[in-house]
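Colleague: So the chains spell out like this:
2 protein chains.
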Amino acid sequence: MDPFMQAAIDEARQGQEEGGIPIGSVIVHDGRIIGRGHNRRVQRQSATLHAEMDAFENAGRQPAAVYRDAVLYTTLSPCAMCTGAILLYGIPRVVIGENQTFMGEEALLKTRGVSVDVLQDSQCIEMMEAFIAAKPELWNEDIGV
Amino acid sequence: MDPFMQAAIDEARQGQEEGGIPIGSVIVHDGRIIGRGHNRRVQRQSATLHAEMDAFENAGRQPAAVYRDAVLYTTLSPCAMCTGAILLYGIPRVVIGENQTFMGEEALLKTRGVSVDVLQDSQCIEMMEAFIAAKPELWNEDIGV
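Just so you know, the sequences run in chain order A and B.
Position 39 of the first sequence, counting from 1, maps to 39 under UniProt numbering, and the rest follow consecutively.
Position 49 of the second sequence, counting from 1, maps to 49 under UniProt numbering, and the rest follow consecutively.
Only chain A is shown next, with the shape it has when bound in the complex:
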């Protein structure tokens, strides 16, 4: 397992333990994690802190040059909001745990020149399948349904 995807999964598991939505993300620059996070909808009653947004927030204010040389890892295909954040900051590469339980805006990322790798990792898939089966209303709320 890629250690950065493992770190994103660890974030997702932490969110799960907190009673939240099990999605995690890390942002990597120069071989080092500069921001990590997980979905905080439940924990902070937040409508914006998806895992990727939380990772951006925790990375703090970075220079444009850092974002443009960074890789974002996320356990789940990124929604429109997180895709927009990736485009805003010009992140050139996104590594996705899985897109079987939810297909985000990968086509838009590719159209804008972002490199997208999807691992279809069984841990990520099983984690989301179990969560969606257990709390479908919470999941629908998170993706705007």
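None of these hints come from the bench; they were simulated from the model.
Since the model is a prediction, treat every value here as computed from it, not as a measurement.
A portion of the hints provided could be inaccurate.
Claimed, not checked - Covered stretches of chain B (in silico footprint by chain A; criterion: 3 or more residues with CB under 8 Å from a CB of chain A, positions within the stretch not fixed):
hint, region
1, 7-15
2, 78-88
3, 131-143
As the list claims (entries may be wrong) - Which chain B residues face chain A? A few, computed with CB under 10 Å, are given here:
hint, residue
4, ALA47
5, HIS50
6, LEU108
7, ARG112
What the hints assert, rightly or not - Beyond 10 Å from chain B on every Cβ pair, some chain A residues (computed):
hint, residue
8, PHE4
9, GLY31
10, ALA107
11, GLY113
12, LEU119
Every residue gets a Cβ at the ideal spot worked out from N, C-alpha and C, and that includes glycine.
With chain A fixed as given, assemble chain B onto it according to the hints.
Modeller: Below, chain B without anything else, positioned relative to chain A:
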């Protein structure tokens, strides 16, 4: 002046008084403001709290039916991240103060069926022009340049 755009401008002015980036936003449902906010990059060292994101955050967790019957007002054309949040939650209409100092992702919004009105309001334009002239590095950081 539309009272909701005036409320967004009031938010922008508050941000300016706090030493922040003068962009404001409100989300309106059923003739009532349910969330309001302004850019918090400086105030909270935040990479994600653009005005629109702050308004979504302050609106809290709303049912999908509320978002789908809401109007988002923003003093400035929305960037990719804020556009993504509008698409995630299915906001059907966006009213924009101006797009002369910055053209956001209006084309993407329209492609996805969002109604977009641009007021080219002189207060909004002057506020952003003065800010960009005074703090170009901060502005570039906010839009990922």
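Colleague: For each hint, tell me whether it holds in the structure or not.
Modeller: Evaluation of the provided hints:
1. 7-15: That given contact is violated, which follows from only 0 residues of the region 7-15 of chain B lying within Cβ reach (below 8 Å) of chain A.
2. 78-88: holds (count 9)
3. 131-143: holds (count 3)
4. ALA47: holds (5 Å)
5. HIS50: holds (9 Å)
6. LEU108: Holds, because the Cβ-Cβ distance from LEU108/B to chain A comes to roughly 8 Å (cut-off 10 Å).
7. ARG112: holds (9 Å)
8. PHE4: holds (19 Å)
9. GLY31: Holds: least Cβ distance 21 Å, greater than 10 Å.
10. ALA107: Non-interface label stands for ALA107/A: nearest chain B Cβ at 12 Å, farther than 10 Å.
11. GLY113: holds (13 Å)
12. LEU119: holds (23 Å)
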